[in-house]
Every structure is written in structure tokens, then in C-alpha cells.
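Spelled out, the chains give:
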Amino acid sequence: MSTIAEHLNMEFNGYQALKDVNLEIQKGEFIAILGPSGCGKTTLLRLLAGFLKPTAGRILMDGMVVADSNCMIEPNRRNIGMVFQSYALWPHMTVEQQVRFPMEYSRFSGFRTDRERKERAEELLKLVGMDGLKNRYPSELSGGQKQRVAIARALANEPGLLLMDEPLSNLDAELKIEMRREISRLHKEVGGTILYVTHDQSEALGMADRIVVMSQGRIQQIGTPREIFHKPANAFVAKFVGQSNLIRGQWEENSFICGKGERVDGTGIPESFHKDSLFPVKADHIHLVPAGRSRFTGKIREMEYQGFQMKVIMNMDDGNVVQVLVQPEMDCREGMEYGIAFG
Amino acid sequence: MKTVTDAKAERTDRIPIWGILGAAAAFMLFLWPLLYLFREAFIGMDGGFSLEHFRELAGDGSFGKVIFNSLLINTGATLLSAALGIGFAYVMAYTDIPLKKMIHTLLLLPLVIPSYIVTLAWMQMFLKTSIFYRITHFELYSYAGIILMFAVCQYPMVYLLCLSHFRKIPRELEQAADISGCGRWKRFTRITMPLTKGTLANAMLLVFLSCLDNFGIVAFIGIPANIQVLSTDIYKTIISVTDNSFSLAAVKAIVLSAVALAIILLARKISEGTQAGGSEKEDLMPRIILNKWKYLILAAMGMFLALVNVIPFLTLITSALTKAKGVAFSLETASLANFDKVLHNSKCLNGLRNSIFLAVVAALVCGVIGVSISYFGERKHSPIARQMQNMITFPYSIPGIILGLSLILTYARSFHGFTIYGTIWILLLSYVIRFTSVILRSSNTAFAQLDAAMEEAAQASGAGTEPRWRRVILPLTSGPIASGLGLVMISSLMELTTSSLLWSGGSETVGVVIFNFTSAGMSNLASAYSSLILLLLLAAAGCVRLTGVLWKAVRKKR
Chain Z
15 MSTIAEHLNM EFNGYQALKD VNLEIQKGEF IAILGPSGCG KTTLLRLLAG FLKPTAGRIL
75 MDGMVVADSN CMIEPNRRNI GMVFQSYALW PHMTVEQQVR FPMEYSRFSG FRTDRERKER
135 AEELLKLVGM DGLKNRYPSE LSGGQKQRVA IARALANEPG LLLMDEPLSN LDAELKIEMR
195 REISRLHKEV GGTILYVTHD QSEALGMADR IVVMSQGRIQ QIGTPREIFH KPANAFVAKF
255 VGQSNLIRGQ WEENSFICGK GERVDGTGIP ESFHKDSLFP VKADHIHLVP AGRSRFTGKI
315 REMEYQGFQM KVIMNMDDGN VVQVLVQPEM DCREGMEYGI AFG
Chain B
9 MKTVTDAKAE RTDRIPIWGI LGAAAAFMLF LWPLLYLFRE AFIGMDGGFS LEHFRELAGD
69 GSFGKVIFNS LLINTGATLL SAALGIGFAY VMAYTDIPLK KMIHTLLLLP LVIPSYIVTL
129 AWMQMFLKTS IFYRITHFEL YSYAGIILMF AVCQYPMVYL LCLSHFRKIP RELEQAADIS
189 GCGRWKRFTR ITMPLTKGTL ANAMLLVFLS CLDNFGIVAF IGIPANIQVL STDIYKTIIS
249 VTDNSFSLAA VKAIVLSAVA LAIILLARKI SEGTQAGGSE KEDLMPRIIL NKWKYLILAA
309 MGMFLALVNV IPFLTLITSA LTKAKGVAFS LETASLANFD KVLHNSKCLN GLRNSIFLAV
369 VAALVCGVIG VSISYFGERK HSPIARQMQN MITFPYSIPG IILGLSLILT YARSFHGFTI
429 YGTIWILLLS YVIRFTSVIL RSSNTAFAQL DAAMEEAAQA SGAGTEPRWR RVILPLTSGP
489 IASGLGLVMI SSLMELTTSS LLWSGGSETV GVVIFNFTSA GMSNLASAYS SLILLLLLAA
549 AGCVRLTGVL WKAVRKKR
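Here the protein sequences come in this chain order: Z and B. Just so we're aligned: 207 in this note's numbering is position 193 of the first sequence, and the numbers increase by one with no gaps anywhere. Just so we're aligned: 236 in this note's numbering is position 228 of the second sequence, and the numbers increase by one with no gaps anywhere.
Source of the hints: derived by calculation from the structure; they are not laboratory data. Careful: at least some of the hints might be erroneous.
Unchecked claim - Derived pair list, reagent style DSSO-like, types lysine-lysine, alpha-carbon separation capped at 27 Å:
| id | chain 1 | residue 1 | chain 2 | residue 2 |
| --- | --- | --- | --- | --- |
| 1 | Z | K202 | Z | K274 |
| 2 | Z | K41 | Z | K202 |
| 3 | B | K302 | B | K194 |
| 4 | Z | K33 | B | K194 |
| 5 | Z | K148 | B | K194 |
| 6 | B | K331 | B | K349 |
| 7 | Z | K67 | B | K388 |
| 8 | B | K194 | B | K205 |
| 9 | B | K244 | B | K194 |
Using the sequences plus the hints, can you model the full thing?
Take a look at the structure:
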């Protein structure tokens with residue numbers, strides 16, 4: 015199922031949570047919506063699910079309008095599945111009952127007979143590795159197991175669009191990595207369209223076909239993980255996803271000038287950086303050189319030993335603060351003077 | 009391209025229309041009668057605006073005495089209930105006293121036994137011929153008697169609220185006081201009590217209001233002792249049926265509401281600024297190990313419970329088994345004649361049938377109204393539903409006698425030859441008005457505890473409204489809602505205040521029948537009937553327990 019959001023706006027009591035959001039999700043795509051908390055990503059998800067009605071704009075699913083500012087089709091009449099942040103497993107139902115529930119009530123369910131439903135439930139529970147635990151209640155499951163049940167339930171009807179609302183945020187670090195692989199595997203095996211909301215950039219970069227970066231209710235950039243990471247469209251994306259340094263200076267055509275006249279080639283850097291007089295550069299794309307060999311100089315403020323490499327934070331003479339990754343054996347002490355070379 | 013209308017979309021803008029209609033209905037049902045009563049107080053004999061009833065009342069010195077009586081008795085009763093309640097709560101929450109479960113159940117007994125039956129039982133216990141009277145010479149028909157009866161019926165409220173509060177006080181707070189050098193008493197007065205102030209003020213407010221509301225106790229004891237309080241005085245004014253009796257009663261009702269309001273404001277002032285600061289979870293481990301005191305305290309509590317919650321009812325039963333009033337009970341004089349009479353009395357049977365009917369129907373109606381308004385208010389955050397919640401909660405704090413009077417005034421006239429006054433429906437109406445807020449409160453708690461994602465998950469799974477409620481919402485809120493329904497049923501069965509005003513031949517309730525027997529001096533019949541009611545309550549409680557046990561067993565098996 016393809017899903018299109020056109021000029022979506024959402025306002026809560028005078029607070030504009032979404033501003034003119036346009037998005038097209040192709041069938042079979044895995045899309046991650048990435049942004050800090052309060053950026054509107056959950057609002058967008060809830061609009062697509064049908065728990066909220068947009069104040070302006072409209073949503074189309076398979077060419078049919080499912081919501082605009084006047085009317086909307088309720089979530090139970092949309093061909094969706096959803097995994098909640100809190101899992102939202104019903105405490106009074108067993109694992110099997112949870113998974114069968116959508117097959118019993120959804121109008122999009124293709125599983126009509128008791129036998130089909132039973133088989134489908136078994137197949138799904140096997141798929142998520144929960145086949146031995148179908149008679150357990152949620153209170154008898156661990157966090158990871160609950161997550162698997164929630165995913166199985168959301169997949170039960172082979173929904174046209176699977177919405178996932180920060181599904182890994184309640185798991186511990188190790189389980190997170192494991193479930194991330196699991197979800198990617200499910201997407202490959204089962205297919206289907208996934209919209210995945212997260213604030214964790216490594217989840218988005220590692221799993222999604224395309225990433226939608228959001229901030230303050232607006233879409234900042236849409237692109238593949240590589241595009242987002244290496245070619246950020248603006249300062250926010252560079253900082254939030256690329257963890258780039260944003261160096262303040264002057265633009266002259268396609269050259270960027272910082273420090274006491276250090277000139278850097280800035281071909282291909284988007285216009286928005288020119289406007290903000292900023293230059294994005296990642297910590298491993300610059301290095302420390304003796305002070306005389308660069309016009310962009312400063313003193314070491316602090317160092318952070320990270321094993322394979324060392325992160326050095328520099329207070330530049332022109333007021334910029336820059337992070338540089340260097341070899342751990344390099345001679346660095348607080349207060350030492352260095353220059354920065356680009357490329 | 010298909011459009012939304014083709015797809016039978018939900019038109020979201022139709023909800024306010026239903027909301028406004030509902031709010032209007034709630035206003036007419038819950039608030040209009042009270043406003044009507046207010047108006048009545050200001051209408052003179054000539055039909056225009058006048059303060060003549062107020063002037064008449066101001067000139068009536070006896071009414072001052074009535075207010076004084078009410079304040080004196082209710083204050084005394086509130087203090088005594090608070091002392092009893094907090095004492096029991098402390099022992100039960102803090103110490104390792106044995107038989108806790110049994111003591112707890114016995115302590116709560118007065119919550120499920122109508123206060124008029126309790127009073128009737130004590131009246132039998134303190135008959136002039138009884139052994140208790142001969143030992144103590146305690147005159148039940150007095151201020152002290154009324155205060156005692158109020159306290160006996162009301163202390164469980166204080167006990168319950170304080171018990172839960174004590175258990176939520178983090179024990180570290182008290183341990184910190186211990187380490188700072190506080191002894192047990194200092195710790196209680198400096199740490200525990202200040203933390204409990206808000207809860208206690210709230211509990212005392214509830215006790216005071218329900219004393220103000222009570223009719224059974226003051227009617228049974230106060231009227232014979234010629235001690236008038238606000239509710240009995242208003243009752244007498246209404247049934248005197250003089251020209252201006254309703255208007256005069258309305259004025260008195262306004263005074264009574266003013267007293268209630270003043271008390272509410274006072275309690276709010278006291279509990280203002282108190283820190284809640286407790287933990288969410290109740291800590292059930294004992295904090296004080298009693299050692300050698302254990303059995304002494306147990307014995308003292310046992311004595312109290314026997315005296316207050318067991319012996320009166322045994323006396324009630326013996327009195328029921330005694331043929332004539334005042335005859336001492338012995339095996340020779342025992343007879344089932346009273347029971348026989350009661351079982352063949354059409355009024356008694358009718359009363360029972362009416363009470364059960366009213367309890368069940370009131371619970372259902374209150375349930376539907378309360379749960380749905382709670383749902384729209386708490387889940388959908390509908391401002392209209394929030395307003396409706398306020399309207400519904402309001403009559404609960406109004407003494408029942410006022411509600412009864414306002415219903416008479418509003419519904420006594422026939423509407424196109426049709427009237428519910430004089431039928432059982434006006435009783436049902438009054439119960440619905442009084443008790444919807446009980447369910448509203450318990451379902452608000454239920455919805456507050458239920459994660460909204462539970463329902464959304466069902467909706468995202470494709471479930472429409474009906475399966476959503478049947479499979480997810482109701483099963484997950486059934487606990488609090490069922491206890492709310494139970495409370496409404498018990499409250500309806502126990503109701504006497506409005507019933508005493510609104511009943512008519514054929515629509516008498518259990519309380520009214522007992523009231524009438526007692527007023528007519530037929531206390532043996534009243535005792536027999538009350539004993540039967542107690543047995544039925546006991547059987548009902550047993551059934552509920554049994555169902556619970558069976559249900560658990562079935563669930564485990566599945």
C-alpha cells in the first residue's frame with residue numbers, strides 16, 4: 015500500500031506541532047522518521063494511524079483520502095498495524111489471543127476460519143521466535159518477548175502499512191541491537207511497508223531504506239541513510255544525524271574562509287549553510303597540524319580517550335569549538351597549540 | 009479518486025451536538041431540581057419575590073437550637089469517629105497484630121449494614137430491661153447516644169482512608185526520625201500525624217457531611233428524645249403540610265446547604281498546603297513488632313468489635329425472636345411469630361422487592377451514565393464531559409433531605425396528566441441523582457489506570473467500538489467499575505433519607521418499612537425484618553465471595 019501525506023498541518027491549542035508535511039511512502043519501503051523529542055514525529059505517526067485528525071492537509075492511502083481537515087476514517091477502518099512504544103499488550107489475554115485479535119476483528123483480515131487463524135498465529139509466533147510461549151500472559155514475559163509479541167500482533171493481518179512508535183526505546187542496549195536485526199530480518203522476509211519512528215540515529219541509519227529527518231514540526235530532509243549522513247541538507251541534520259562540527263566563518267562563492275584566512279573548498283555544500291555562514295565537517299575529516307601549517311588555529315581544551323582513537327576538543331582562536339579525532343598516540347596536552355587542516 | 013464520504017467516514021463534527029444534548033439532559037436531571045428548590049425559598053405567599061420565609065425563620069428561636077444541635081452532634085461524632093478510625097488504622101497498618109484479615113472485615117461491617125438497622129440493634133441492646141442498661145445506665149436516647157451511633161456507623165470511613173494513607177508513608181521517613189532520636193510517640197506526633205493531616209481532614213469532612221445527611225439515626229433516636237437536627241426538622245416541616253411548609257423547608261434546606269458548604273470550605277482550608285509526598289504503592293509489612301503487647305491489644309480490639317459489631321446484631325435477632333416488646337429473651341419465650349408475620353406482610357415483601365429492583369436498576373443506570381461520561385471526559389478529554397462530571401458530582405455533596413424536597417417540588421405537579429411523583433420511579437430518579445457520582449469516581453480511577461495505548465492497540469488491530477469495549481476496555485476496567493456498581497447497590501439498599509420523603513403506598517423500600525415499624529413502636533417486627541435483611545446481605549456477600557473464588561479457579565485452570 016502506498017501512503018501519501020499532503021501539506022499536513024497539526025495544531026494543538028495554538029501550538030503548531032506539524033507544519034506543511036509532505037511525504038510519500040512507496041509500497042515495500044522501510045521509512046524511518048528521525049528527530050529529537052517534541053519534533054512532531056509521533057504526531058505524524060498518530061495522524062497516519064488515524065488517532066488524530068489533521069487541522070489542514072490530507073492523507074491518502076492507496077489513492078483514497080483517509081483524512082482531511084473535515085473527515086477522517088477511524089484507525090480500525092485503515093489497513094494498518096501498529097507497534098506501540100509501551101507494547102500495549104492486553105494484560106488479560108494470552109500471547110496467542112493477542113495475535114489472533116486483529117484477525118478476528120479487522121475488515122482487512124484474510125483469515126476467516128478458526129483454522130486459518132490458528133495456523134497464521136502459529137506461523138507468526140514461530141517467525142518471531144515465540145512459538146513455545148503462546149499460552150503465557152504478558153506479565154509472564156520479559157521485555158524482549160513482549161516486543162516480539164507486539165510485532166507479531168501488528169503483522170497478523172499483513173497490514174498495508176506497519177507503524178512502529180519507538181519500539182526499541184524500552185529495551186536495554188544489548189536487546190536493542192538484537193531486536194534491530196530481528197526487525198530488519200522480518201522486513202526482508204515478510205516484506206510490507208514500514209514507518210518507523212525513532213530518536214536514535216543509529217537505528218534509523220542501520221535499518222531504513224529512507225530517512226525522514228524532522229525538527230520543530232517540519233521535515234528537514236528526506237533521503238537514503240548515506241545521503242542523510244554524508245550530504246546533510248542543513249545545519250540541523252548535520253548536527254543531529256551526522257554529528258558534524260559546524261564551523262562559523264565566511265562564504266565566498268564556493269569557498270569557505272575561517273580562522274585567519276584559511277580557505278576551504280565548499281563545492282556541493284547546500285545553500286542553507288551559506289546562509290547561516292556555517293561549514294559542516296565531521297571530526298574524522300579534519301586533523302591536527304603544527305600551528306604554522308594552518309591559518310585556523312587554537313588551543314586544546316580537553317581530550318577524551320576512546321580506545322582506537324582520541325577525541326580532542328579545540329578552542330579555536332576565532333571562537334569556534336571544534337572536535338577532532340586523532341591517533342591515540344599523538345602528543346596532546348591541555349593548552350597545546352595546533353592548527354586544523356581540512357580534507 | 010474515491011473521497012472520504014464514499015468510505016463512510018466518521019464525521020467528527022457531530023460529536024458536539026450529542027455532547028450539548030447530553031449536557032442539557034444532565035443539567036435538567038442533576039441540577040434543575042436544586043435550582044427549583046432555591047427559587048421556592050424566595051417566593052412569597054402572593055407568588056412574587058419575597059424574603060418573608062427567611063424572616064419567619066429568623067423569628068423562630070427553635071431553629072437556632074436545631075442548628076446548634078446539628079453542629080454539636082456532628083462535631084462530636086466526627087471527632088469520635090476520627091479517634092476510633094485513626095487508632096484502628098494505626099494498629100492495623102503498623103503492627104504485627106494477628107488475625108488482621110478477620111479484624112479488617114469486622115471493622116468494615118458498619119459500611120455494609122444500613123445505619124437504621126445498626127441503630128435499631130442498639131435500641132434493642134439498651135432497652136430499659138436489658139442487661140446492658142442495668143449495668144451501664146447509658147441513656148441511648150440522648151446527645152451522647154446519637155453521637156455514639158454516628159461514630160459507630162462512620163468510623164470505618166476514617167479507618168479505611170487512614171489505613172491506606174499510613175501504608176503509603178515511606179518507612180524511611182520514620183526511620184530517619186528514629187535515627188534523629190525520636191521515640192515512638194514523638195515519631196507519631198512529629199512525622200506520622202503531620203503527613204496524615206490532609207487525609208484526615210478529608211475523612212473527617214466526609215464523616216461530617218454524612219452525619220449531616222443522615223436521617224435514620226436521628227429519626228430513630230433523636231425524635232423520641234426530642235432532639236431535633238436539621239434533617240429531622242426539615243422532614244417534620246415538609247410532612248406538616250401547612251400552607252407554606254414547602255417554602256419554609258426550602259429556606260431551611262438553604263441553611264443546611266450553607267452549613268455543608270461552610271464545612272467543605274473549612275476542610276479545604278485545613279488540608280491546603282499539606283504535602284502528599286507518599287509513595288504510590290501500599291507497604292503491607294508491619295513496622296512495629298508488638299511482642300508481649302500483642303495479645304493485650306488483640307483482646308482490647310476483640311472486645312470492641314464484639315461490643316460494637318457483633319452483640320448488637322445478636323440482640324437484634326433475640327429481639328426478633330421475642331413475642332412482645334420488653335419481654336426478656338429466653339428459650340421459653342422464643343418464637344418465630346415475628347418472622348411469620350413479616351413474611352406474610354405485603355408491605356415487607358413489597359419493600360424487599362422494591363429495594364432490590366431499585367438497587368439493580370439504579371446501579372445499571374448510574375453505571376451507563378457514569379462510565380460513558382467518565383470515558384469521554386478522561387479518554388477523549390471532552391470539555392463538555394468534564395462539565396457534566398461537575399454537574400453529576402454536585403448533588404452528591406448535597407444532603408439527601410434537600411434533594412428529596414427539591415424532587416417533590418419539581419415533580420409533584422403532573423405533566424400532561426402524567427407524573428412520576430408517588431411512584432417508584434421518583435425513588436429511582438433520586439438514587440440515580442445521588443449515586444451516579446460514585447460510579448463516575450470509580451471509573452475515573454479505572455480509566456486513569458488504563459493505558460490509552462490498550463484501546464488504541466485494539467483500534468489499530470481493526471476492532472470497532474463494540475469489540476473494543478467488550479474485549480479490551482471492559483475486561484480491563486471491570487475491577488473498579490464492578491466495585492463502583494456494588495457500592496451503588498449497597499448505598500441504594502441502605503438509603504433512607506430521600507426515600508423517607510419520596511415513598512408512597514406500594515413504593516416503600518426496606519428502609520421505609522423498618523422506619524415505619526419503628527415509629528409505630530413495633531420494634532419486634534422491625535427487628536425480625538432487619539434480621540432477615542441482614543441474613544440476605546450475608547448471603548449476597550457470600551455469593552459474591554464464592555463467585556470470586558470460582559472465577560479465580562476457572563481462570564487458573566484455563
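Satisfaction of hint between K202 (chain Z) and K41 (chain Z), Cα-Cα up to 27 Å: 13 Å, holds
27 Å limit on alpha-carbon distance, applied to hinted pair K67 (chain Z) and K388 (chain B): With Cα atoms ~13 Å apart, K67 (chain Z) and K388 (chain B) stay inside 27 Å; holds.
Given hint K194 (chain B) paired with K33 (chain Z) - CA-CA distance at most 27 Å: Roughly 61 Å separates the two Cα atoms, so the pair is violated.
Pair hint K194 (chain B) and K205 (chain B), alpha-carbon separation not exceeding 27 Å: 16 Å, holds
Given pair status - K194 (chain B), K244 (chain B), alpha carbons within 27 Å: The given pair, whose Cα atoms are some 50 Å apart, is violated under the 27 Å limit.
K331 (chain B) paired with K349 (chain B) [C-alpha distance capped at 27 Å]: 11 Å, holds
Restraint status (C-alpha distance of K302 (chain B) to K194 (chain B) at most 27 Å): Given that 27 Å is the threshold and the Cα spacing comes to 21 Å, the pair holds.
Distance restraint between K148 (chain Z) and K194 (chain B), which requires alpha-carbon spacing of 27 Å or less: 56 Å, violated
Proposed proximity, K274 (chain Z) with K202 (chain Z) (alpha carbon, max 27 Å): 52 Å, violated
Checked against the numbered hints listed earlier, the structure breaks hints 1, 4, 5 and 9; every other hint is satisfied.
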